[in-house]
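**Q** Letter by letter, the chains look like this.
There are 2 protein chains.
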Amino acid sequence: MRIVVDAMGSDDNPGPDVAGAVLAARKFGDTMILVGDQAQIEAELAKQDTAGLSIEVVHAGQQIVMTDKPSDIVKGKPDSSMHVGMSLVKNGEADAFVTAGNTGGALAVAMLRQVGLGRIPGVKRPALGVIFPIEERPLLIDNGANADCKPEYLLQFGLMGSLYVERVLGVQNPRVALISNGEEEGKGNSLIKETIPLMQASGLNYVGNIEPKEFVKGGADVGVTDGFTGNIIIKTAEAIASYMNGLIKTEIKASPLTTLGGLLAKPAFGRVKSRLDPDEVGGAPLLGVNGVVIVAHGRSNAYAIKQAIGQARRIVEKQVVEAIQTGLKA
Amino acid sequence: MRIVVDAMGSDDNPGPDVAGAVLAARKFGDTMILVGDQAQIEAELAKQDTAGLSIEVVHAGQQIVMTDKPSDIVKGKPDSSMHVGMSLVKNGEADAFVTAGNTGGALAVAMLRQVGLGRIPGVKRPALGVIFPIEERPLLIDNGANADCKPEYLLQFGLMGSLYVERVLGVQNPRVALISNGEEEGKGNSLIKETIPLMQASGLNYVGNIEPKEFVKGGADVGVTDGFTGNIIIKTAEAIASYMNGLIKTEIKASPLTTLGGLLAKPAFGRVKSRLDPDEVGGAPLLGVNGVVIVAHGRSNAYAIKQAIGQARRIVEKQVVEAIQTGLKA
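Quick note, the sequences are listed as chains U and S, same order. Each step along the first sequence adds one to the number in the working numbering, with nothing skipped, and position 140 is 140. Offset between the second sequence (1-based) and the working numbering: plus 1000.
Hints were generated in silico from the structure; no laboratory data involved. From the three backbone atoms N, C-alpha and C, an ideal C-beta is built for every residue, glycine too. Some clues are possibly wrong.
Here are the simulated DSSO-like cross-link-like pairs (lysine-lysine), alpha carbons at most 27 Å apart as the crow flies [claimed, not checked]:
#1 U:Lys273 with S:Lys1273
#2 S:Lys1193 with S:Lys1213
#3 U:Lys150 with S:Lys1124
#4 U:Lys273 with S:Lys1253
#5 U:Lys193 with S:Lys1187
#6 U:Lys187 with S:Lys1124
#7 U:Lys217 with S:Lys1266
#8 S:Lys1217 with U:Lys253
#9 U:Lys187 with S:Lys1150
#10 U:Lys213 with S:Lys1266
#11 U:Lys217 with S:Lys1249
#12 S:Lys1193 with U:Lys150
#13 U:Lys75 with S:Lys1187
#14 S:Lys1217 with U:Lys187
#15 U:Lys273 with S:Lys1217
#16 U:Lys193 with S:Lys1150
#17 S:Lys1187 with U:Lys266
#18 S:Lys1193 with S:Lys1077
#19 U:Lys217 with S:Lys1273
#20 U:Lys253 with S:Lys1213
#21 S:Lys1187 with U:Lys124
#22 U:Lys193 with S:Lys1124
#23 U:Lys187 with S:Lys1329
Examples of chain U residues toward chain S, derived with CB under 7 Å [to be verified]:
#24 Asn181
#25 Glu183
#26 Ser190
#27 Val207
#28 Gly208
#29 Phe228
#30 Lys235
#31 Thr236
#32 Ala237
#33 Ala239
#34 Leu247
#35 Gly261
#36 Leu264
#37 Ala265
In silico negatives: residues of chain S with every beta carbon more than 10 Å from chain U [stated by the list, open to error]:
#38 Gly1076
#39 Lys1077
#40 Pro1278
Chain U extracted, bound-state conformation (with noise of 0.2 Å):
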């Protein structure tokens, strides 16, 4: 398989973008295409011990940075890591694409006519899927790509991410629910309103709507939303862990006792953030785009990059762009 890994993504790039890279060839075996400025991938490259790997550089002259604007991109970087790395997907070269860049930045170049890889045919719009970091890992489905949306993309985005569940995960006949502000009848805004009986026609294995602590439970597989939702409800969730972590910290510090206390509890508080830990997941599959894109956190790290790769490379192996391609004809 040959990986394609955008070396100017990541907050810190190249850095953890090329190790990423490195411990993946190593782990997999399989060929990486490291994409962006050639002087400072090399640079990163000599810093590794890459004997016996197979790891190709592409030089791309320009880079998107997470302040860029999407139409900024688009317009203005036709060089950028991200363009040159995609279009390597798009012409058979590679078998995916991923980054640790701007995701408003890789949709809008993943839908470039010329160098992008399209959308899937029958697919309106494509969406970033989140495996959210709880004991359950299930999907949370739009996250950001898609602020306004129609009744008929939510069902898509049940419809695609169940396919990924199912394929990726492995979990047969995946529980679809809608995220509301409650369970019962007439709850919901008219979007979600709107979307329930399209859920109820669709034959997906639709659970009926969930509220955010049901879904943190386990209620469900595949948790549809549109992408400001999704993408509010998954900052919540980040601050608000933060929040805490921050407020027990302080509070163990606050007498000698408690401070002791702490020192002896750390082992639990280390395993309690293993668990919830983002980097294990990886990254976000854009999904509906025609070929594999897993954009990963700003923030993320060699491993986090590596786990990344890992999840494109299943994604590729489990041939799920062909089973949205199959399951929209359906």
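Based on these hints, arrange chain S on the given structure of chain U.
**A** Structure of chain S alone, referenced to chain U:
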């Protein structure tokens, strides 16, 4: 002051509701009017020391429960404790109404032409404001009264929230922000984008759009959102806090050493809990209604009911309803 307390509101009614009213009568020296099933209320009062307190009982033959839909309440329960209680405020026999019951029910009854308080002239939609239980105590508005909103509703939520925070919490020139999936220009759904120019032209201290992370850090005094998103934010925050608590407990108990550490650190966890305690906050004001209505959490205990009554008193005292009336004319 005369405060009506819905004795049939909380999940464990009428125990906490009656006990909370007794606590408030003692603390504030005001008259509490308990509305609900007279026999049940009197049985609860008999358990309390009410010597020297001013407590009245008004019978209401019906009770609204959490599973009642607003439409059923309006048509089917004309003698509910909410109907009877709010009509006392409407008729000038009391200054405020406090309930730990069904939020949608309270809103529906408040809007009834016959017994309800109605809207303040000029208010398009009343909204539920919730004090976010973090250090800085920002107000999140709307928290579920309006699942579908228009830009002009959000503008009014900002105005009403700002007046509430200024008068009741004593914040000078409150910072008003729209809750969004990003702070940059171009982020947000169409509702947010259309509300921005209204906020900018409003004369409010509009500080822009903020993400949940910044809101939790105290980046605004008033976070404005539609009721669907607001409710999802609150519910996600509660879900994540509860999930993390559970995870921490489990991991601490996983070994003898961390169990000991957890015991020693217990006072710290207690302090964390009390700092995040929604009971401290009291209840959620229903802003835009032409009278003072506070909706407390269904899980409220007597202390939370007392706090909610205290909050109702402050709203009366600080003339928030009058301030909104004046503010809307300006």
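**Q** May I ask you to test the interface hint for U:Glu183 with respect to chain S, counting a Cβ-Cβ separation under 7 Å as satisfied?
**A** With a minimum Cβ separation of about 11 Å from chain S (threshold 7 Å), the hint on U:Glu183 is violated.
**Q** So, as I understand it, the hint says U:Ala237 touches chain S; can you test that by seeing if any CB pair is closer than 7 Å?
**A** Where the cut-off is 7 Å and the nearest Cβ of chain S is about 5 Å from U:Ala237, the hint holds.
**Q** Taken at face value, is the distance from the CA of S:Lys1253 to the CA of U:Lys273 at most 27 Å?
**A** Measuring from Cα to Cα gives roughly 16 Å; hence the hint holds.
**Q** Decide if the proposed pair is consistent with the structure: U:Lys273 and S:Lys1273, CA atoms, cutoff 27 Å inclusive.
**A** It holds: about 20 Å lies between the C-alpha atoms, which stays within 27 Å.
**Q** Taken at face value, is the distance from the CA of S:Lys1213 to the CA of S:Lys1193 at most 27 Å?
**A** This hinted pair holds, its Cα atoms lying about 20 Å apart.
**Q** Need the status of pair S:Lys1217, U:Lys187: alpha-carbon distance at most 27 Å?
**A** Violated. S:Lys1217 to U:Lys187 sits at ~30 Å, over the 27 Å cutoff.
**Q** Any Cβ of chain U at or closer than 10 Å to S:Gly1076, or is the non-interface label fine?
**A** holds, 15 Å
**Q** Going straight from one Cα to the other, do U:Lys217 and S:Lys1249 come out at no more than 27 Å?
**A** The given pair, whose Cα atoms are some 16 Å apart, holds under the 27 Å limit.
**Q** Verify the proposed pairing of U:Lys217 with S:Lys1273, using a straight-line Cα cut of 27 Å.
**A** Holds: U:Lys217 and S:Lys1273 sit about 21 Å apart, inside 27 Å.
**Q** Holds or violated: the hint that U:Val207 contacts chain S, with Cβ atoms closer than 7 Å.
**A** Since the shortest Cβ distance to chain S is 18 Å, the answer is violated.
**Q** Are S:Lys1193 and S:Lys1077 close enough, with their CA atoms no more than 27 Å apart?
**A** violated, 41 Å
**Q** Do the alpha carbons of U:Lys187 and S:Lys1150 lie within 27 Å of each other, as the hint requires?
**A** holds, 18 Å
Consistency with the previously given hints fails for numbers 14, 17, 18, 23, 25, 27, 28, ordered from lowest to highest.
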